[in-house]
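Given the coordinates of chain V, work out where chain C should sit on it, guided by the hints.
If you're matching them up, the sequences are chains V and C in order.
When we follow the working numbering, the leftmost residue of the first sequence carries the number 1, and every step to the right adds one.
When we follow the working numbering, the leftmost residue of the second sequence carries the number 1001, and every step to the right adds one.
Calculated directly from the structure, the hints in this document are not laboratory data.
The reader is advised that the hints may include incorrect statements.
As the list claims (entries may be wrong) - Here are a few chain C residues that sit away from chain V, every Cβ distance over 12 Å (derived from the structure):
hint : residue
1    : Arg-1015
2    : Thr-1037
3    : Leu-1046
4    : Ile-1108
5    : Val-1115
6    : His-1241
What the hints assert, rightly or not - In silico lysine to any residue, SDA-like type, Cα no more than 25 Å apart, as pairs:
hint : chain 1 : residue 1 : chain 2 : residue 2
7    : V       : Lys-63    : C       : Ala-1267
8    : C       : Lys-1117  : C       : Asn-1247
9    : V       : Lys-63    : C       : Leu-1270
10   : V       : Lys-63    : V       : Ala-121
11   : C       : Lys-1117  : V       : Tyr-11
12   : V       : Lys-63    : V       : Phe-22
13   : V       : Lys-14    : C       : Val-1275
14   : C       : Lys-1117  : V       : Ser-69
15   : V       : Lys-63    : V       : Ala-109
16   : V       : Lys-14    : V       : Arg-202
17   : V       : Lys-63    : V       : Arg-52
18   : V       : Lys-63    : C       : Asp-1274
For each residue, glycine too, the CB sits at the ideal point set by N, CA and C.
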Amino acid sequence: MIEATGLTKDYGDKRAVDGLSFTVRPGIVTGFLGPNGSGKSTTMRLILGLDRPTAGDVVVNGKHYRDHSAPLCEVGALLEARSTHTGRSAYNHLLSLAQTHGIGRRRVAELIDLVGLHDVARKRAGQFSLGMGQRLGIATAMLGDPATVMLDEPVNGLDPEGIHWIRTLLRRLASEGRTVFVSSHLMSEMALTADHLIVIGRGRLIADTSVAEFTHRASKNLVLVRSPQAEELRNAVVGPDVGVVVRAPGLLEVSGLTAAQIGEAAAAGGFVLHELTPQQASLEEAFMELTRDDVEYHVADPGAPDPEVMVA
Amino acid sequence: MSSTPVALPALGDRRLRVTQAHVALSEWTKFRSLRSTIWSLGVGFLLTIALPLLFATVTANRWAHMSVQERADRHPLDIALAGVNVAQLAIAVLGVLVITGEYSTGMIRASFTAVPKRLPVLWAKLGVFAAVSFVVTLPAVLIAFYGSQAILARHHILQISLGAPGVLRAEIGGALYVMLVGVFALAIGAIVRSTAGGIAAFAGIFFVIPPLMNVLPTSWNNAISQYLPSEAGRQLFSLHHSPHSLNVLPGGLLFLAYCAVAVAVAAVLLVRRDV
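Bound-form chain V, shown alone (with noise of 0.2 Å):
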C-alpha cells in the first residue's frame, strides 16, 4: 500500500511532481502511466525517500520508507537509471545490498538463479546487456521479499523475451498478493499487465481508475458497418443525434447510434450487412487523448503520429 498526499516536488523553479494525491492498493498490477517527463521516476525517488518532497507526504505501508526498521523487506525497488557499480560482479552487489539487512548468502543464491543470471553472476555488472542489467535490478527489488514491488520503466529497451519475462513476474507477484507499481510512457504494455492505471501528466494527476474505466471514458461510441447497400441504409439512419460518415465506398462509421439499432434498422428496411462493428477507442487513443495537453516535449509535426513517438 502506497498513499500519496498532495505531493510536490520543485527542482529549482521547475515543478516535477504537483499535488498528488494516490493510493496503489495491494493484490493488482497498478499503471503508473505518463509521457516521458511528466514526474513519474521523480514520483518513485520520493516514494523511497531518495528524494525530499518539497510539500505533500507519502507513506509505505503507514509509514515513511526512512522509518521503517526493514526498508527492503517494504519495498523492492527497481529504478530507470542504473544502480549498480559496474565494477563489482552481480552476486557481489547483490550480497551487499543483503547485508544491510542480515539477509543470506543462500538467499542471494537463490535469486541469483531466479533471474537467470547464474552462469554471469561472478562477472562485473559493467559488462552486462541491458536485459542482464534488468534482471539484476528485479533480484535486488526481491531481495527482501518485500510485500509492495515498484519498478520504474521495466521493458524499456528489452528484447521480446525480456519483456515477456517482466510481464509473466508482474502477474505473479500480484497474484501473490503483493502490491505492483509500475510505470511507462506505453500504453499498450499497460493493457496488458495493468489492471489499475493511475495517468500523470506534467506532475499532475490526470486519472485514477481501472483499465476498463479508462477505454470506456475515451471512447467515442463508434459502430463500422459495412454493407453493399450502404447508401440507403446511410439515409434510413441518419438524423439529429445521429451522424454517418462515409470512410470507404460500403464503409460507414456510425456514430449516436449502438450496433444493436443499427441492426435493427437494417432489418426493418430489409438491407444486407456485411459487417457491424462497436468501436472501442484502443487504450493508446485514449491515453493520448487524455494527455495531448500535458505532453512536455511536442513533436513538430503530428501529421502522421507513431503512437509511441507521440508520447515517448
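Just chain C, lined up with the frame of chain V:
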C-alpha cells in the same frame, strides 16, 4: 537466461532489520569486491616499503662522499617513513573513490534505498576504510623501518632502535596520519560527490596550499603554516619539531579536528541532499 522460472522463494526469517553492524559488513563486502581498491592498496603498500629501501641504499652508497653537514642532516626515521608521503596519496584517492564511485555509477541509489536513513552508510564507510588504511599502513611502515635499518646497518651508519624515544610513536603516528588522511578524503568525496572534484579538492588542500605559503612574508608563513591540515597532521610522525611547528599532541588533535569538521559537513549534506 531462461524465461520460465518466476517462482519467488519466500524469505523465512522475518526478523530482518538494518543495523549499524549489518551495514558495516555490507560496506566491507563492497570494499573488498572492487578490483581497483585492492590494486590501489597493494601499490600503496609496496611503495611505502620500497621508497625507504631505495633511499637507504642511495644514502649508504653516497655516505663516503657526504660532507659532515650533509651527514648530520640525514635521519634514519625520515628515511624509514619516506613512504608515508606516497601512501597518503594512494589512500586519499581511494578514500575519495569509496564514495564518489557510488555516485558516478548510480550505486548510491541502491545503497540509500537499502539504508534510507543514510548516515549508517557514511559511518560504515568511514569505519571500514579507516580500519583498512591503518591495518595496511602500520605493517608497511614497520617493514620499511626494519628493512631500511638493515641496509644502513651493513654500512654501520644511521642506526636507531624502535625503542629509542619517540621512534615507535612516530611509526604508529605515520599509520594514524595515513588513516586520518583517508577519513578526510572520504569526507571530501561525500561533500563534492565527484571523483575528479574530490581528488582536486584534496590535492589543493594538501599539496597546493602549503607551498603557496612560502610566497607570504616569512613571519606570516611561520604563523599560519603550522595550522594547515597537512602540517598539523605531519607532527604525528615527526621526531623533531621546529619552533614554527606544533607539538605531537596539539598537531595530531588539530588534524583530528579538521577531519571531524569535514565528516560533520559530509554527514549534514548527505542527509539533506537529494540523490
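If any of the earlier hints don't hold here, list their numbers in rising order. Going through the list in order, the structure violates hints 1, 2, 4, 5, 8, 10 and 15 and respects the others.
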